[in-house]
Each structure stands twice: as structure tokens, then as C-alpha cells.
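Could you put together the complete structure from these sequences and hints?
These protein sequence lines map, in sequence, to chains A and B. Its first residue numbered 0, the first sequence is counted upward by one per residue in numbering that gives the first Met the number 0. Its first residue numbered 0, the second sequence is counted upward by one per residue in numbering that gives the first Met the number 0.
One or more hints might be untrue.
If chains are identical, the list can't say which one is meant, so a pair holds when it fits in one copy or spans any two.
[Claimed, not checked] The calculated lysine-lysine pairs, modelled on DSSO-like cross-linking and capped at a C-alpha distance of 27 angstroms, are:
#	residue 1	residue 2
1	Lys-224	Lys-200
2	Lys-260	Lys-10
3	Lys-150	Lys-139
4	Lys-12	Lys-82
Hints are computed from structural coordinates only; laboratory data are not their basis.
2 protein chains.
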Amino acid sequence: MNKQQLIEQIKLKKSFLCVGLDTDIKKIPEHLLNDEDPIFAFNKAIIDATAPYCIAYKPNLAFYESMGVKGWISFEKTVEYIKKNYPEQFIIADAKRGDIGNTSQMYARTFFEELDIDSVTVAPYMGEDSVTPFLTYEGKWVILLALTSNKGSHDFQLTTDTEGERLFEKVLRKSQEWANDENMMYVVGATQGRMFEDIRKIAPNHFLLVPGVGAQGGSLEEVCKYGMTKDCGLIVNSSRAIIYADKSERFAEVAGEEAKKVQEQMAEQLSSIL
Amino acid sequence: MNKQQLIEQIKLKKSFLCVGLDTDIKKIPEHLLNDEDPIFAFNKAIIDATAPYCIAYKPNLAFYESMGVKGWISFEKTVEYIKKNYPEQFIIADAKRGDIGNTSQMYARTFFEELDIDSVTVAPYMGEDSVTPFLTYEGKWVILLALTSNKGSHDFQLTTDTEGERLFEKVLRKSQEWANDENMMYVVGATQGRMFEDIRKIAPNHFLLVPGVGAQGGSLEEVCKYGMTKDCGLIVNSSRAIIYADKSERFAEVAGEEAKKVQEQMAEQLSSIL
Chain A
0 MNKQQLIEQI
10 KLKKSFLCVG
20 LDTDIKKIPE
30 HLLNDEDPIF
40 AFNKAIIDAT
50 APYCIAYKPN
60 LAFYESMGVK
70 GWISFEKTVE
80 YIKKNYPEQF
90 IIADAKRGDI
100 GNTSQMYART
110 FFEELDIDSV
120 TVAPYMGEDS
130 VTPFLTYEGK
140 WVILLALTSN
150 KGSHDFQLTT
160 DTEGERLFEK
170 VLRKSQEWAN
180 DENMMYVVGA
190 TQGRMFEDIR
200 KIAPNHFLLV
210 PGVGAQGGSL
220 EEVCKYGMTK
230 DCGLIVNSSR
240 AIIYADKSER
250 FAEVAGEEAK
260 KVQEQMAEQL
270 SSIL
Chain B
0 MNKQQLIEQI
10 KLKKSFLCVG
20 LDTDIKKIPE
30 HLLNDEDPIF
40 AFNKAIIDAT
50 APYCIAYKPN
60 LAFYESMGVK
70 GWISFEKTVE
80 YIKKNYPEQF
90 IIADAKRGDI
100 GNTSQMYART
110 FFEELDIDSV
120 TVAPYMGEDS
130 VTPFLTYEGK
140 WVILLALTSN
150 KGSHDFQLTT
160 DTEGERLFEK
170 VLRKSQEWAN
180 DENMMYVVGA
190 TQGRMFEDIR
200 KIAPNHFLLV
210 PGVGAQGGSL
220 EEVCKYGMTK
230 DCGLIVNSSR
240 AIIYADKSER
250 FAEVAGEEAK
260 KVQEQMAEQL
270 SSIL
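Next comes the structure, spelled out in C-alpha cells:
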């Protein structure tokens, strides 16, 4: 999916919500455990209920890998289900990969060729040749970690170098030597508040993937105030607050209601630019 | 496996070689393609031929994931095969994971509980709470990226901060607030030469996992000269130079011969400390 198509979806649905599919066998409703593939059954119901209110899905690879081979089957089925039934949805493989060139090439092959997913999250620590193998696919995106939502983001990402540049700023600037706002986005945590102003000085037009609204405590208003561009420029993710909003047989319905609430808040935020 | 057991294996075998199982369906001998599981068939033959000469195996997850579900099956079978037949071998899941706490917890569950692997490589960009979930398992190890073997290592890892500390040095120092040399090792590329001296100033006793000898051009002599400790303190990995040394039906035999050559060079290097 290219940038223009993504912007069109946001305008059409008045939403920039991404639903995070952090599906944990220990957290899904009990009655699903009798299903042949409980993880996929859960995802399918969540997707059907939330699709009208979101523009993206983000399966988190860790949750599928923790189930071994079975988990990979659930992951692949989930991706296929979205692609077949909701082809307008942007899919993010939240994998945080990144390795030497020939290895990153293999990861790119997995996510972009084998699974035909729109985007993959990548960690920047290993530098240019760990990222560029992901950039050679037309219509596919790297979503590079810049300033993450967790407490540990302070450990290294905020370190200031001798030029007065913080590490996350260097990541934003340097990576623009390899990529542009048509094939790269950045992860910026919703918990970072006014830091979005600093991000926008360096990446005024890039889309930002923003986790941390919901369970992690970030504020949608603040993210929009400091981070929104004339094209929106934001994909805001919520995982736990939506998918685990209810544990009864009504779980999917309630997830849909929660997604709708977030979508309505987003429509309000979008009213100034649409 | 704890540190003392690892040191004992190194002394016993006069080797600190790790064989990297970067098994690529496009590179394995053609006659294996008729096998029901060509990746596992290749690994099994390579393991049987090289086990006398190495103390560790490092399957690179990217190569298995690129095959989807089939790849995960091959990966799990490989790990089981090593654990059953060569329980003295140290297993490294080269995955370069790292995410917010609850996600890293899931990765730790996968590698340490489900698969009972000894260690996993982790990227430090997201800081403390992305690493600590891996540290709660007795006898298991985090192998944290410090100074990698690739060209892109210069992009961020060598950035000097206002305190005069380079990023990889900060990673080495900071991470010792969370872990010690009994549950953490560091990745340092063999291509980094004299930089091992700087590493040893901050991490004098930690084991280092050293990729980049062989296909990537690093020198074993230099690594040992600047990086070896009284307990060896090194696990040197070679992947392509060993496993793809020959493409005929003799591939495993030749891989064994190559591993033996490296082991003999290692025995020489170890003679000063054993």
C-alpha cells in the first residue's frame, strides 16, 4: 500500500487507529480454548468486529512465536484472513528485526515476499546495511524504531552526542539518507508527549506509528496536538485496551465498541485537517 | 548451561568455535532437496560432522522464518536434535529480539521455556525493560549486541556522547547494572580488531560472541590477541565458511574438515591460557 492509499483510507474512515493483535493464549476468553486454533478464532472475531473503525492491524510476532509452529500457523492464517476479507487494511508485522545485510534480506523475504505484508518494524542499532534490504520492495514499508514508549527508551535513545544531537534524532536524520516518507515510517511512543514537536522538526512528513495509547497510558490528544500533519501522519496503535476489553462471549462485540470509541475521538481530532 | 560448564567444554575440546546454522534452502546441496525436510537433513549432517570441533551452535532465526511454518518445524527439530544428541553444546538462538517488557517476556518464554535454548541475542536500543525479562531464567543467557561486525555498526554504535562515551561503551556499562558475567554476553564483531581492547576495559570478564570470522573477513589471531581472557572469554562464530564449504554429497565431511582446521587454530591460541 502506498502513502496516498493510506491517507485515503484515513479520510474515508475518519480513523487512524491500528488494532494491535497481541494475542496471548493466557488472556483470550476461555470458551475459545476448545477451538481447533484458538488464537486465529480470537483474531478473526476481533478483526470482523473492529475493521469498520480501524485502518491497520499489527500482529506482534512475539505472541505467535511463543506458541512455536502452531503460533506461526495462526499468524499466517490471520494475515491471509485480513488480506482476503479486508484488503484495504494496512498490515504491520511488529517484529523489530534488524541484522547484517544477508540476514535482513532473509527477514525481508519472509515478510514482504512470502507473506506479502505491507510493513515491518525494524530496530536501528546495526545501522544502514541492516535496514536497506527491507527498502527494495515497491509499496512496502520499514517502520524504524525512533523513540519508543517504554521506560527503557531513556537508557540510550535520549543520549546526546558531541554534536548536540540525541540518538533518536540521529536515527531520524541518518535514515533519511537511505529512505523517504514513501517507504519509511518511525515508531514514536504516545508516552513521549511534547517530544513529537522535536520529531516533527526532523521528520515533518513521515508517518509515525504510535504505540502506547491505552494500557501504556499515552494521551491521544497530546499525540495529535504535537504530532499530526496536514495528511494526518499518524497511525495510533491500541492493543490490550481493545482486544482484552471483555473476557466473556461478548468479547468481540465489546472490542468493536471500544474501537468505535477511539475512532470517534480520532474523527474529532481529524476534523481540523479534513 | 552456566559459565563454569562452558569454560570446561572449551578446555576439554580446545575449541571456542560456534557453528552458525544459517541454513538457506537456496544454498544447500541439491541432492537434499528430495528429503522430506531438507533444512533439518542438512543441519543434522552438519552437526554430526562438526560437533567434535565446536562448543556451540547458533541457528539464525531469519533463515528459518523465511520458510514460514515449515521453517519453524526445521528450527525446532534442529534444537531438539542438538539437545538430545549433543547436550554439552551451548545453543544460541540468533534472533536479535528486544521489545517492551510484556513482549520481551513472550520472546523469553519462547526461547527459554518452550524451546529450552541456552541463550538468545538481544538488541539494546529499547533499554533496560526490553532486556530484563530475559534475565530471570537460571542458567540462561542474554547475548546483547554491543559492537557488530557490519559496516552499519559505524552509523550509531560509535557515536560519542557528551560524556566522551561511545554508544557501544554505554551499552556495555549500562547493561552491567542489570546483569553480570554469569547471565550476559556481548556480541562484538571479529572485524572490529583492536576495539576489543576498549571492550575489555569495560567488560573484562564477560564472554563475547564474535561473528565475522570467515566470510566477513575478521581475523581470529587479532580477536584472540585483544579479546581473550584467562578463561578464554570468547565464542567465535563461523557460519558460511564452514557449512557451505562444499556443495557436493561430501558437504558434511568437508564442513567437518573446515571446523577441524578452525579448532586447531583455536587450540594454538588457547595454549597460552590452558
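Which earlier hints turn out false for this structure, listed by number in ascending order? none
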